[in-house]
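Listed here are the chains, written in short residue letters.
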Amino acid sequence: MGNNGNIAIRCQGVTKTYGSGDAAVRALRGIDLEVQAGELMMLVGPSGCGKTTLISVIAGILDHDGGDCHVFDNDFTAMGARERVQYRGKNIGFVFQAFNLLPPLTAAENVAVPLLVNGVKRRAALDRARECLDRVGLKGREHSLPAQLSGGQQQRVAIARALVHEPKLIVCDEPTSALDHSTGHKVMELLRDVAVGRDRALVIVTHDARIFEFADRIAKMDDGHIEKVVDSHAEL
Amino acid sequence: MNFVAIKMLMGDRAKYLGIVTGLTFASLLITQQAAIFVGVMQRTYGLITDIGQPDIWVMDPRVQYVDDPKPVNTTELYRVRGIPGVEWAVPMFRNMIRARLRTGAFQQCLVVGIDDATLVGGPAQMTEGRLADLRRNEGVIINVAGATTRLATPGPDGKSVPLRVGDSLEINDHRAIVVGLCETTRTFQSQPVVYTTFSRAMSFAPFERKLMNYVLVKAQPGVDQLELCRRIREHTDLSAYTRDEFKWISMVYYLKYTGIPLNFGIAVVLGFIVGAAIAGQTFHNFTQDNLRYFGALKAMGATTGMLLRMILLQSLTVGAIGYGLGVGAASVIGALAKDTELSFFMPWQLLLISAGTVLLICMFAATISMVKVIRLEPAIVFKS
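For the protein sequence lines, the chains are A and B, in the order given.
Read in order, the letters of the first sequence are residues 1 to 236 in the working numbering.
Read in order, the letters of the second sequence are residues 1 to 384 in the working numbering.
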């Protein structure tokens, strides 16, 4: 699926340094990046190159030190703490490497969490969560606990959770690294099918070269920089 | 998000049970020890509580508590009776006298001599015989606890035979016949209580010039009791206290001059510390284990306030369960101890204090966890 010309994410000269003095680590050294709405962008690169830091800045869960970062024309640094949390709750979906599903909650309850956070009533939230689980192929597993699901199924639940509140941006951190090749492939197919939409952007941080083929564009990072942005993994 | 909080709490069964156990233990120890303490303190003024009719107790100014009677000249009785506002005033004798049992053994008894004419000051609850039987020759009424324990004698089969109505004993070389049995609040030292008439009590007592210890006074209807106490003090050289004042003075004496509050206080504080340590540590571990989930919730848009409310709810839930189990267990102990030497009294105020203490422990445990969550950066969710 291609982009529709609207810019979802615009980063210009974004910097981020952890610590200070001799112990300072410059994680981002002036990132310039644009992601279009409707686009699946992958951030790739070696460990410690700043991918996770950049995705955290984009998702509004980490403050950057310098430069500008706009998500659908919104600047997190211009928002108050409460406004930023609310914006994140309504507009950003997360898929984590370790799934981060709450163990005592059923699949449906886990999926319903973003809706509950946004103040949707429990019954309505669970209804929508069940629909979403259906979309990711987990009909009939609504009452299963995470421990009763395979890794691939847990990641599907996590994807449903990232989608349930119809966010504009979905950020995924190594979504296939805990899965075998075949399951990872299926998860990526699912992400492409259900998560990428005309008005929604998808940013995926990954090491896994086997899933590069699913990207619309790939940004290769190294040492806190965007080294190059390519349209096909063959160009990497 | 409330159901998410509760499911998170109960989902980790081991920690949940650990926290509840800690709070139950704390609640049990605090409530049970405090109830025994209150029961012991109640015994310090048992005699005052058991005598319901008089409003005011008049005594020698040197009396420090009810078990510390000082002799008062009997002429003071007539002076008190003449004070405006006094409905009636009767004498009371109260002292320890040695009794000799039929086995030849001796036992110190608390002898209470009450007004011959009115029998005011007698036991409120008779289990056998009548109060009026005290007017029979050599008659005494014994409390059941005393008759069945310290005044009981071994029978032919070696079993303990309680003192019964019709039995006799010697009190300071004077014959006394048991004409009734009564229920009283156990005394502080748990000696048998022997009720008799004032005149007979004086004959039992070793010879002294003054044998009256207290004057029991009833105020006329509508007369302010505190004002009447003031008047009695003014017209005599004696002290006069309302029932509640005298109860309080007696209790304060024991609080001030014995190690009882300290001993029980240590047990209660220990219960608090142990409960707080177990519950606080386990709750902290529980939060620590769930930190990445709290981080994920934060990333997904949960406000810090929302997460703090979840922690508060979790903490209050385990607090309520632990408190209920602890107080329930303390009540069972109290019920089992009802007819034993153990003093146990659990008024509603004690339940409130116990609830407040458990709440404090919960707040302490929750605060430690809340600090963690407040400081939590949502970006930790991307750290594998």
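Errors might be hidden in some of the hints.
[What the hints assert, rightly or not] With a straight-line cut-off of 27 Å between C-alpha atoms, the simulated DSSO-like cross-links for lysine-lysine are:
#  : chain 1 : residue 1 : chain 2 : residue 2
1  : A       : K220      : A       : K186
2  : A       : K121      : A       : K168
3  : B       : K70       : B       : K372
4  : B       : K70       : A       : K121
5  : A       : K186      : A       : K139
6  : B       : K70       : A       : K90
7  : A       : K90       : A       : K139
8  : A       : K90       : B       : K256
9  : A       : K139      : A       : K121
10 : A       : K139      : B       : K256
11 : A       : K139      : A       : K168
12 : A       : K186      : A       : K168
Honestly, the hints are just simulated from the structure, not real lab data.
Values in this document were obtained by computation on a predicted structure and should not be read as measured data.
Now the hints, each set against the structure:
no.: 1; hint: A:K220 - A:K186; verdict: holds (24 Å)
no.: 2; hint: A:K121 - A:K168; verdict: holds (22 Å)
no.: 3; hint: B:K70 - B:K372; verdict: violated (63 Å)
no.: 4; hint: B:K70 - A:K121; verdict: violated (74 Å)
no.: 5; hint: A:K186 - A:K139; verdict: holds (17 Å)
no.: 6; hint: B:K70 - A:K90; verdict: violated (81 Å)
no.: 7; hint: A:K90 - A:K139; verdict: holds (25 Å)
no.: 8; hint: A:K90 - B:K256; verdict: violated (64 Å)
no.: 9; hint: A:K139 - A:K121; verdict: holds (22 Å)
no.: 10; hint: A:K139 - B:K256; verdict: violated (72 Å)
no.: 11; hint: A:K139 - A:K168; verdict: holds (25 Å)
no.: 12; hint: A:K186 - A:K168; verdict: holds (23 Å)
In this structure, the earlier hints numbered 3, 4, 6, 8, 10 are contradicted, and the remaining ones agree with it.
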